[in-house]
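Spelled out, the chains give:
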Amino acid sequence: MAYLVQLQKQFDDYRASLFNEGFLDDQFEQLQQLQDESNPDFVVEVVSLFFQDSERLLNELATSLDQQNTDYRKVDAHVHQLKGSSSSIGAQRVQRVCIAFRNFCEEQNTEGCLKCLQQVKHEYTLVKNKLETLFKLERQLLAARGSSFV
Amino acid sequence: MVKMEDIGARILAGDHQVQYGQNQRTKIKALVVDDNMINQALHRTLLRNLGIENHVVGNGREAVDVHCSGRRFDLILMDLDMPVMNGIEATKKLRAMGIQSTIAGVSSRSVDENIQEFWEAGLDDYQQKPLNFPKLVSILQKVNHSV
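Sequences listed follow chains D and P, in order.
For the first sequence, my numbering assigns the number 1 to the initial residue and increments by one for each residue that follows.
For the second sequence, my numbering assigns the number 1001 to the initial residue and increments by one for each residue that follows.
Keep in mind that the hints are not guaranteed to be accurate.
Pairs of lysine-lysine, DSSO-like flavour, derived with a Cα cap of 30 Å [claimed, not checked]:
| # | chain 1 | residue 1 | chain 2 | residue 2 |
| --- | --- | --- | --- | --- |
| 1 | P | Lys1092 | D | Lys130 |
| 2 | P | Lys1135 | P | Lys1092 |
| 3 | P | Lys1142 | P | Lys1092 |
| 4 | D | Lys128 | D | Lys115 |
| 5 | D | Lys115 | D | Lys130 |
| 6 | D | Lys136 | D | Lys121 |
| 7 | D | Lys74 | P | Lys1093 |
| 8 | D | Lys74 | P | Lys1092 |
| 9 | D | Lys128 | D | Lys9 |
| 10 | P | Lys1029 | P | Lys1093 |
| 11 | D | Lys128 | P | Lys1092 |
| 12 | P | Lys1093 | P | Lys1142 |
What the hints contain is simulated information worked out from the structure, not anything from laboratory work.
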């Protein structure tokens, strides 16, 4: 019983830290509200989609910015997609870097764009790790509840 | 006749059991027009949780084509920036075809940024992304669902 309480606290605290540190915003709460018995894995599914899509976009961005004559419209289109996805799942810090990234695209500032690419990769990796940890803690909690005799 | 405003109030109060289709002979039908996979999943689930039947397409051209094939919707959630045909062009074309469905523009642009052109294409409503329950409920209050 004490173990369950401890797991719950660990999960709650970790989850709260993600909001406090700005990794996630209210939109993530909105996603959780959409999850129910008929759609029990919605959050994990949509976040997984986000991971897949983001990795594709980050690769495209690296390729586009590596060209001799960078097509800034193409770069901007990819960043726009990444901004949209991160905003839809509440990945606030990723979204913020995308906003700055788009400004550099508009100015056709290669150096600025390359810096933003590094930054967005960094923020994406951070939030990915955080979310994976959150989901792992949630699974542990659900497993413990399932085998609880209380 | 169930009033949209009452449903809206219940949803905002956390009652996610409310269905827009239950007490009516036909369910409300919505079309999601968005090129982003995550947004498609989000908008589909928001609509589904409210009992709204939905169909998803990836750009404005597909939205026009689905209407050309004869399908009709009560509500169209129209993204702005899409490849092949954007939301402004698609909205203009649909209105020119005589489509009178409620079209809600859903884009990442804020109301201050230049969305005048989008409105003028023939929108009934506009919400800034990301979409969530309160925003969708607000849009649904504009839908005139006649059985």
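Failing hints, ascending?
Hint check: 1, 11 fail, others pass.
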